[in-house]
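Participant: Here the structure of chain V is known, so what remains is to put chain E in place on it, guided by the hints.
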Amino acid sequence: GEDVEQSLFLSVREGDSSVINCTYTDSSSTYLYWYKQEPGAGLQLLTYIFSNMDMKQDQRLTVLLNKKDKHLSLRIADTQTGDSAIYFCAERQNAGNMLTFGGGTRLMVKP
Amino acid sequence: EAQVTQNPRYLITVTGKKLTVTCSQNMNHEYMSWYRQDPGLGLRQIYYSMNVEVTDKGDVPEGYKVSRKEKRNFPLILESPSPNQTSLYFCASSLYTGGETQYFGPGTRLLVL
Numbered sequence: 001g002e003d004v005e006q007s008l009f010l011s012v013r014e015g016d017s018s019v020i021n022c023t024y025t026d027s028s029s030t031y032l033y034w035y036k037q038e039p040g041a042g043l044q045l046l047t048y049i050f051s052n053m054d055m056k057q058d059q060r061l062t063v064l065l066n067k068k069d070k071h072l073s074l075r076i077a078d079t080q081t082g083d084s085a086i087y088f089c090a091e092r093q094n095a096g097n098m099l100t101f102g103g104g105t106r107l108m109v110k111p
Numbered sequence: 001e002a003q004v005t006q007n008p009r010y011l012i013t014v015t016g017k018k019l020t021v022t023c024s025q026n027m028n029h030e031y032m033s034w035y036r037q038d039p040g041l042g043l044r045q046i047y048y049s050m051n052v053e054v055t056d057k058g059d060v061p062e063g064y065k066v067s068r069k070e071k072r073n074f075p076l077i078l079e080s081p082s083p084n085q086t087s088l089y090f091c092a093s094s095l096y097t098g099g100e101t102q103y104f105g106p107g108t109r110l111l112v113l
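Chains as they are written, first to last, in our numbering: chain V, 1 to 111; chain E, 1 to 113.
Incorrect hints may have been included.
[What the hints assert, rightly or not] Here chain V is said to cover these stretches of chain E; the calculated rule only asks that three of the stretch's residues, wherever they fall, bring their Cβ under 8 Å from a Cβ of chain V: (1) 38-49; (2) 101-109.
[What the hints assert, rightly or not] Far from chain V, some chain E residues (derived; all Cβ distances over 12 Å): (3) V4; (4) P8; (5) T22; (6) K71; (7) N73; (8) S82; (9) P83; (10) L88; (11) L113.
Worth flagging that the hints you see were computed from the coordinates, not collected in a lab. Note that the Cβ used here is the ideal one computed from N, Cα and C, for glycine as well.
Just chain V, with the same shape it has in the complex:
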């Protein structure tokens, strides 16, 4: 079946850039998403990219998609302590609306 994988943990210093990586297996993915989950809160959609795009930039966030390698990344520029959270990547297949999520990457930002 489909599989989405992420590393469990990332630690950066405030002001540095963070890069969170994700790999997926389903080549029929149409949309790929990044969600942020702060402690005790639900999932907040950060950004998404359509599968025919290579890159999408939205303020401090840059999403890169390498469709050949099935690799998605989220770069956060000038990382702040408020960016500390768990980040989930997710893919949506062509067939329907079901999202397949990765296990989440916990980002810790040190002051």
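Facilitator: Relative to chain V, chain E alone:
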């Protein structure tokens, strides 16, 4: 304010005691869905609904039921909860099936003793 609401937010219950977690959205969305979140596993879809009276199984439907009698509501029913259903549950909705953005509720943390 456009939102997805869930109730209750926290629930402790015992094995076998039927419970319902409600989900409501005020955005006139057609598509609604339930996920459970477990450590290291991300979110897994339980059931989804493409419109009123149209529901289907997701990845992990065993032990759950849903109904969609009205567009705005999509309750999750555990007829006989078991400890392995202890989890964090999220309801989500999107404008239509195939809509690029799903909006998530705040989550319901369930503990089954």
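Participant: Does each hint hold? Answer for all of them.
Facilitator: Each hint tested on the structure:
no.: 1; hint: 38-49; in the structure: holds (count 7)
no.: 2; hint: 101-109; in the structure: holds (count 7)
no.: 3; hint: V4; in the structure: 8 Å, violated
no.: 4; hint: P8; in the structure: 14 Å, holds
no.: 5; hint: T22; in the structure: 15 Å, holds
no.: 6; hint: K71; in the structure: 16 Å, holds
no.: 7; hint: N73; in the structure: 18 Å, holds
no.: 8; hint: S82; in the structure: 23 Å, holds
no.: 9; hint: P83; in the structure: 22 Å, holds
no.: 10; hint: L88; in the structure: 9 Å, violated
no.: 11; hint: L113; in the structure: 22 Å, holds
In this structure, the earlier hints numbered 3, 10 are contradicted, and the remaining ones agree with it.
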